[in-house]
Structure formats: C-alpha cells, structure tokens
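> Spelled out from the first residue to the last, the chains are:
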Amino acid sequence: MTLLWMTLALLLLLALRVPVGFALLVPSLVYVTLDPSASLSIAVQQTISGVNTFPLLAVPMFILLGNLANTSGMTDRVYAAALAFLAHIRGSLGYVNVVTSFGFSWMSGTAMADAAAMGRVQVPAMIKRGYPEPFTIGVTAASSLISPLIPPSIPAIIYATTAGVSVGAMFVAGIAPAILLVTALCLMVWWHTRKKDHLREPRAGWGVRLRALLTALPAAGAAVIILGGILGGVTTPTEASAAGVLYLFTVALISRELTRRKIRDVLLRTVETSGSVLIIIASAALFGWVLAREQAPQAAADLMLELTESPILFLVLVCLLLFVVGAVLEPSAAILIVVPVLAPVADSYGIDPLHFAVVVILNLIIGLLTPPVGLILFILSGVTGSPVSTVIRGVLPFFVPMASVLLLVVLVPALSTWLPQALGFL
Amino acid sequence: TAGEQQEITTVSGTEETILRVAHVYEEQHPVETCGLATVQDSLAGSGVSIETYPSGQLGTEAESLEQVADGSLDVAIAGPSFLGAWHRPAELLDGAYFLDDIEDFIDKSEDPAITGSLTELRETTALDPASLWYYGTRHITSNEPINGPEDLAGVKVRTPDAQLYLDNIAAMGGTATPMALDELYMALQQGTLDAQENPVPTIESANLFEVQEYINLTGHIVQSVHLVTNDAVHDRLSEKQHAHLDAAMADGAEAVRECIQTQEAETLEQWRADGTITVNDDVDREAFADRVREHLPAQVSWGELYLEAQGNP
Amino acid sequence: MADTNEPADAPDRMERRSRAYRTAINIERVGLCAVLVAMFGLLILQVITRYLFNTPLSWTEETARFLLVWLTFLGAGYLMSRRLHISVDLLVARMGRQAMVAVDILATLVALVTSVVMATAGAALAHTTGNILTPATEVPMWLVHAAAVAGFTLIALHSLANIVVSMRHPEDVPGTAAQEGA
Ligand code: NA
Ligand code: NA
Chain A
1 MTLLWMTLAL LLLLALRVPV GFALLVPSLV YVTLDPSASL SIAVQQTISG VNTFPLLAVP
61 MFILLGNLAN TSGMTDRVYA AALAFLAHIR GSLGYVNVVT SFGFSWMSGT AMADAAAMGR
121 VQVPAMIKRG YPEPFTIGVT AASSLISPLI PPSIPAIIYA TTAGVSVGAM FVAGIAPAIL
181 LVTALCLMVW WHTRKKDHLR EPRAGWGVRL RALLTALPAA GAAVIILGGI LGGVTTPTEA
241 SAAGVLYLFT VALISRELTR RKIRDVLLRT VETSGSVLII IASAALFGWV LAREQAPQAA
301 ADLMLELTES PILFLVLVCL LLFVVGAVLE PSAAILIVVP VLAPVADSYG IDPLHFAVVV
361 ILNLIIGLLT PPVGLILFIL SGVTGSPVST VIRGVLPFFV PMASVLLLVV LVPALSTWLP
421 QALGFL
Chain B
427 TAGEQQEITT VSGTEETILR VAHVYEEQHP VETCGLATVQ DSLAGSGVSI ETYPSGQLGT
487 EAESLEQVAD GSLDVAIAGP SFLGAWHRPA ELLDGAYFLD DIEDFIDKSE DPAITGSLTE
547 LRETTALDPA SLWYYGTRHI TSNEPINGPE DLAGVKVRTP DAQLYLDNIA AMGGTATPMA
607 LDELYMALQQ GTLDAQENPV PTIESANLFE VQEYINLTGH IVQSVHLVTN DAVHDRLSEK
667 QHAHLDAAMA DGAEAVRECI QTQEAETLEQ WRADGTITVN DDVDREAFAD RVREHLPAQV
727 SWGELYLEAQ GNP
Chain C
740 MADTNEPADA PDRMERRSRA YRTAINIERV GLCAVLVAMF GLLILQVITR YLFNTPLSWT
800 EETARFLLVW LTFLGAGYLM SRRLHISVDL LVARMGRQAM VAVDILATLV ALVTSVVMAT
860 AGAALAHTTG NILTPATEVP MWLVHAAAVA GFTLIALHSL ANIVVSMRHP EDVPGTAAQE
920 GA
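Protein chains in written order, with this note's numbering: chain A, 1 to 426; chain B, 427 to 739; chain C, 740 to 921.
Next up, chain A with everything else stripped away, as it sits in the complex (with noise of 0.2 Å):
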C-alpha cells in the first residue's frame, strides 16, 4: 500500500513539473510525517547521508572532466580527427557523430555532456550538408549514450557504490558493450544513407589526416590517466577522475586555450549540472531508505521468484520493468531506488553482478531517449532549437538498434563479464 501510493504521488508531482528532486522528497516526508516511530531529523539526516560517500566525488570530477574537454577544444580535435579519416565515405557525417562520441566517452561521464556537446557542433554541420533532421538529431542522441558505458561514468559509479560492486570491474564492463552499439549505431547509418550518394565529403589527404590526428592525440592521454591509473592501482575511479582534470587543464594552458572566462564557465557550468544531479542523488537515497524500511526488497524478491524460476525470463521482466521506471527517473535516482531491490534477487537467481549491473545502466540510459523524463530529448531540442517532437520522430528508429544491443547483453552475459575477467577483476 505504501509503495503503491508513493509511486503513484511520485508521477503526479514529475507530471506537475516538480523538480524530480523535491517529487522524491514530498512522498517520503509524507511517509515519515505519517509514521509515528519515524522523524524528519532522520528524513534530512538519510538525505545527507545519501551524498556522504567518497565515489561519488567522482561526480562533479567527471562532470568538469567533460566540460573542459568541450571548453579547451579537445572535443572539437576530436571531431577534426574522426573527419579527416571518413570524410569521403558516404554518409562520413554520420559514421563522424557515432565515432566522436566514441572518442569523447573516454572523457565524459554522462550522455547528457556528450549530447550537449554534439548537438551544438554535428547538428548543424549535418543538416547544412543535406542529412534529414530527425535522422541528424537520431544519430546524435542514440550515440550519446555510448558515454556512461565507456569509463569514467557515472551511472557506473553510482551503481558500483550502490552494489557494493568494483568500480573498476565496472568500469570495463561496459566497454564490449558500447563497442557493439558503436557497430549497431554504424549500421544504421549505413541503412539511412546507402541510396544517397550526395552524402560525402571531399577526400582528406593523408597530410591532413596525420596533422588531425596529432592535434587529437592529446585526447588519449586522458583516457589513459584514467584508466591506466585506476587498472594499475595508482588511484581510485574518484582520485583518477581528478587527475585527469589536472591533464586536461595542464594541456589546455600549455596550448593557450583558456581564457579566465572560459575557467569561470567550466566552473559554473559543473557546479549546475552536479548540483542538478546530487540533488536527486540526495532525494533517491531518503525515498530508498522509505522502501527498504518498508521492505520493499523482500516483496519484490518474493514477487519475482514466484512468477519465474528462470533467469533470462527475470531479466526480461527487469528490462521491462526499467523501461518504464527510466522512463520517469534520471538514471542515477533509479539505480538508487531500484539496484538496492533488484540486485540481491538478481543474485539468487544466481546471475553475475556485473552482467546485471550492465543490464540495468543500459536499460536505464535507453531511458533518457523516452518521454517523458527523456533528458536527452530535451537537451538536444534546447541546443539545437528543434521542438522535442522532431526530436522524439528522429530518435524513434534508433530504437532498433538500442533494443537489439540490450537483448544481446541480456543473453550473452560474456559481453558483460569477459573483459573484466580477462583483466583480473573477477
């Protein structure tokens, strides 16, 4: 009965245009205001507690991470690179948009940063040189996505606390993963473009492609700061993360590409997109301490078990499950809310941590696609002033491919697991 109503004031508050924080917040402080044993000093003390914990520092690391990488230029280097190598191939803008995305991910922790990013230098480019809009606006949000399954993320981060799972382990676990939406993002651009021949660029020679690609070749050092430092047990994911503020910030001075105006607008700009997303963070962990008193996790144990016995037939029912609920929720709010729940009835259907958590963040990420909590939708209709129905036409194919990765990580679990196993973190 509580959950049952919780839930249900939960959607009537988003639908209002609450802010997803305080529409966490209003049902629970109901719930302890209604509870006599309970009191709202213990409601403000789970709400601190909630962003009281060392990983998720990584949070506004990585957020700064992406900005500076926008801000000093990185990104755009990086398009430059993947340009000069596809230019002449048909449809190239497109293979571009899903490539640079690839090359971006290594720095960026969020689809949201990703998306904001591409919306506001790919789009135009692409619909200049003739691609369909929704398609350009498709192509553009499907692959934003590719960003919190590649490390540094946040999603993994959050799950991993959430989980008691290895950040790290995480971290590669959702590398094979991306690699295959990258080839399916790929196919799609193939299919849209493959009777338009007007969609090529000139030729790169290999002169400029080399030039590009040194210009880019600053990128990987971050990728490699990152990663090397958290495989090789020099620093936490926390640590790494701001580490490589430090290289990027380094290599932006020495190349004489921050202003002290772009730093104030790098700062400003991770202090709001954190706070927009610890904020929730904060306001998930009060509505989670709700239904683990309520023990929410027991019911839906028992519930799940009841209906199958076997695992991928649960997995579905997950999927099913977290497409409606990312639907509504921003993806770290619903790893909060729902991993705490899942996560131990996952394990006795005897499923690999790791295979699950890549499940669930996939699902949930899908999720900033769908309205109508689709953040993507709506950033990408701010940056590129397109209305969010264009936007939702566009990115309503991209769901065939979205879809066929989920399900070959929901019944290949090596995907999910393989790496981290080679690498030692199983």
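Don't read these hints as lab results, they were simulated from the structure.
Since we're looking at a predicted model, the values are computed, not measured.
C-beta: ideal position from N, C-alpha, C; glycine also.
Incorrect hints may have been included.
[To be verified] Cβ pair distances, simulated, as ranges:
| id | chain 1 | residue 1 | chain 2 | residue 2 | range |
| --- | --- | --- | --- | --- | --- |
| 1 | A | R211 | B | A579 | 49 to 59 Å |
| 2 | A | L4 | B | E477 | 19 to 29 Å |
| 3 | C | P909 | A | R90 | 48 to 58 Å |
[Claimed, not checked] Which bits of chain C does chain A cover? Going by a derived footprint, with three or more residues having C-beta under 8 Å, they are:
| id | segment |
| --- | --- |
| 4 | 840 to 848 |
| 5 | 882 to 892 |
Put chains B and C with the ligands on the given structure of chain A with help from the hints.
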C-alpha cells in the same frame, strides 16, 4: 482493564509487537544468522518479534544510533566506539589492548568501570545499551607482514568511521583512515589503502582475503557490539515482554559468542591449511600493547580509567 | 540541466533588477566554485601525499566528502534561483500559457513547502546530534547538517522569489516562450 485487554490479544497472537533491528553486517554474518536468529527463536510466544535490516540498509552505525535516539528505529547494533560519540567513557571497551582475550572480556564487562559508563550513557542520552555481544577479535590484514609497531609506520589502515578506532591505530604506529565497510574491498583493491583491521568472520564474509596478503594476529581489540534500544521500546512492551526481550538478547549473546569463537578458530585453521591468506603468528603483541599504553591514554578522556582497570595505574 | 547554449552566467530578471539580489547570487556562485576547486585540490593532495611522499593524510577523504555535501545543497539552492532543477516538461508543454504558469507556481510552491520542512528538520537534527564529533577531522556534525539547512533555506528563498516573478511576469516561466529545456 486496558492493560489486560492488550495482554490477551497479545497472547492470542493477533497483536504482535514488531521491533526493527538494524545493523551493518552482511546477511551471512553470525550476528544475523546466529545471534539475531536466536533472539527471534527465544521470543517465540512472547508477543514480541524482531524484523532485521542487515547490510546497512537503514544506514551506518552512527546513523542507526541517531535513529534509535529519536525513535525511528527500535534496536541498533553498534560497537562501543560509536557509543563513545555520545558519551566518551562508553567506548572504553574498544581501547586497543584493553582486553587480552574473550575470558578477559567476560570478566571486564561486569567491571564497574564499564557498567558505570553505560549507566551514565543511559542517564545522559536517549540511548539504552541493552545487551553486549562478542563480535570477534580484531586483527590487521596487510600486503607486507606486520610484526611490530615499526612495521606500521606510513601504512594507511582503514578503520570503522569512529574516533577511537583512529586513535587506536595511531597509538599502534599507523595512519588510520575512516571508511564505510562496503567501500573497503574496492579501496584495498585499488590501493587507496594498504591495510585494514577486522575480526576473522568479517574478513571472511567481506572477501577481504582476496585483496590482502597477510593476516597479522595483532588481536588489538577484543571487539564487542551493543544492542542499543530506547525508552520508546520499553513503553511499547509490557513488563513481562520486556523481561522476555532481555532474556532473548542474553540468549543471543551466548549463542553469538559460541558461533563466532568457533568460526574464528575454524577459519584461521583453514587459512593456515590452504594459504588463502598468510597467517602471521610472529606479531609482538607486547610491543604493540606497550606503545598503546604509552600513547593512547593521553589521547582519550578516560585514559586513567583505562590504565586503572588494567591494573596498571 | 545547465543549458549549454546560453553563457553560463546569463542573469535572470531578479538579478537584472536588483543589485542586492545580483550580489547574493554572485556570492553563491563564487562559494560553489570555491567548494568545487577545494574538492579537486583535496583529491590531488590525497594522491600526491600517498604516492609521492608516502605519508597518507587521514583527513582528506572526510573533508572532501563534507565538501560534496555542501556542493549538493548549496548547489540546489543556486539552481533554484536560475530554475535549473531537472523537471519533466512533456505534459506541461501541451498546456496553454495560463495553465502553464499556474502549474509552474504550484510546482514552485511544492518546492517551497518541502524546503521549509527540510530546513526546519535539518535544524532539529543539528540540535539533537550536531555536537557529535566526526571521526577524522573532529569537527561537530552540525557543520555537515548545516549544509542541508543552508541549502534548503536558499531554495525556499529563491522559490519564493520565483513565485513572485512568475505572478508578475508570466512570460518568464520556462516554456511559455516556446523554449524548452530540461
Ligand atoms: Na554523437
Ligand atoms: Na564515459
């Protein structure tokens, strides 16, 4: 009367009083499987039952004590050091090398120095430490063998998030960092920390042997945990039920002590046999104890009490 | 979510009108950036002291965590002044202008009431358990609780200001100018 009315419904089993019990240990830990399971069994037929929330579902030790204090939770399980945040002398039992072994623990838990400080805690705060359970003897695990205080120099050791644990490690010669138990495995794997200290069952259940080379038998704390309730719980129970609860917690204390002692012995034996983690017996406990007696009393408000109760004034 | 199209510091109506309000917002922003930079500095310090000097510090982790708590709640306060909190636009986007303004005022009112409750409860928490000292840095817990009190107080004040602005200048309500942002 109303009281009799309630008694009757209770006996007929229609109105069971359910107490929420929260702790940070895993579901497989003896505190849950042995201690709390025994409490639940002993309570059968009393009209009181417990509902457990393991793995820190409802919060950390410090948070669950706050929840008990304000009535949001009925029972929290937390070590003396966490009680020390509320009333300093209540942490005496957690002073390093205060207790020699489990017999010493049984003796000293009746010592006026201990019982007095707990009475003071009861009188000055909303917390009521109702039962004291053996939790295991803490040893330091590390990647390099640690035989004496000099081996701890510059070693970053994780401790639970309470002041005294940090002071203990500092007094033993190391650098302490507080961290939540569920972040520990990762931090050791990533090398943020060099070492940690816990009783054998925790090292086992949290798989810490996978990320550490040595378990050094420092035995620096004979660790106990308090089951902490509050006045609101007393008000909800009849006198008879309250007596039932006290008896059940005492049963739990005895059961958990046996379970943990057995598990400590068996696990260590197994580790020695299969080398899962190297058991280091060459620890100079006296050297550590001397260093602690020299450094710790000055750091804490109950320093004199610590030396007196050990017969070392 | 920060709208990356605009410069990060485009002032809104209240800031253009009132110098005092503008100063207050600027203080919030400088404070937030300082917290972010300090966090970054602590993490770097932690790595350096551990690996380069082999003298790990015991207080960097706890301090960095507390800064994160402050960043969260102060940040939430500042975000409210710029109406940057993440919310769901789809249903509202289909409404007429007047309905949109009404819903906006209602939603802000919900945030206002919630913040007042949270700030009060936070003060109560600081009152009951604020004197407990934190383990590593030995500062009283109320310094951490104060983040929530300060943050939710700021949210309450900013949402009150937003309600006044929305009533007087409905054209300032996000979405009414056919511009959508999450
Ligand atoms: Na892209
Ligand atoms: Na990434």
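> Evaluate each hint against the coordinates.
Against the structure, the hints:
For A:R211 and B:A579, the hinted distance range of 49 to 59 Å is satisfied, since their beta carbons lie about 52 Å from each other. At about 21 Å, the beta-carbon gap between A:L4 and B:E477 stays in the expected band of 19 to 29 Å. For the pair C:P909 and A:R90, the beta carbons lie near 50 Å from each other, so the given range of 48 to 58 Å is met. Residues of the segment 840 to 848 of chain C lying with their CB closer than 8 Å to a CB of chain A number 4, which satisfies the three-residue condition for coverage.
Counting residues of the segment 882 to 892 of chain C whose CB lies closer than 8 Å to any CB of chain A gives 4, so the stated coverage by that chain holds, three being the minimum.
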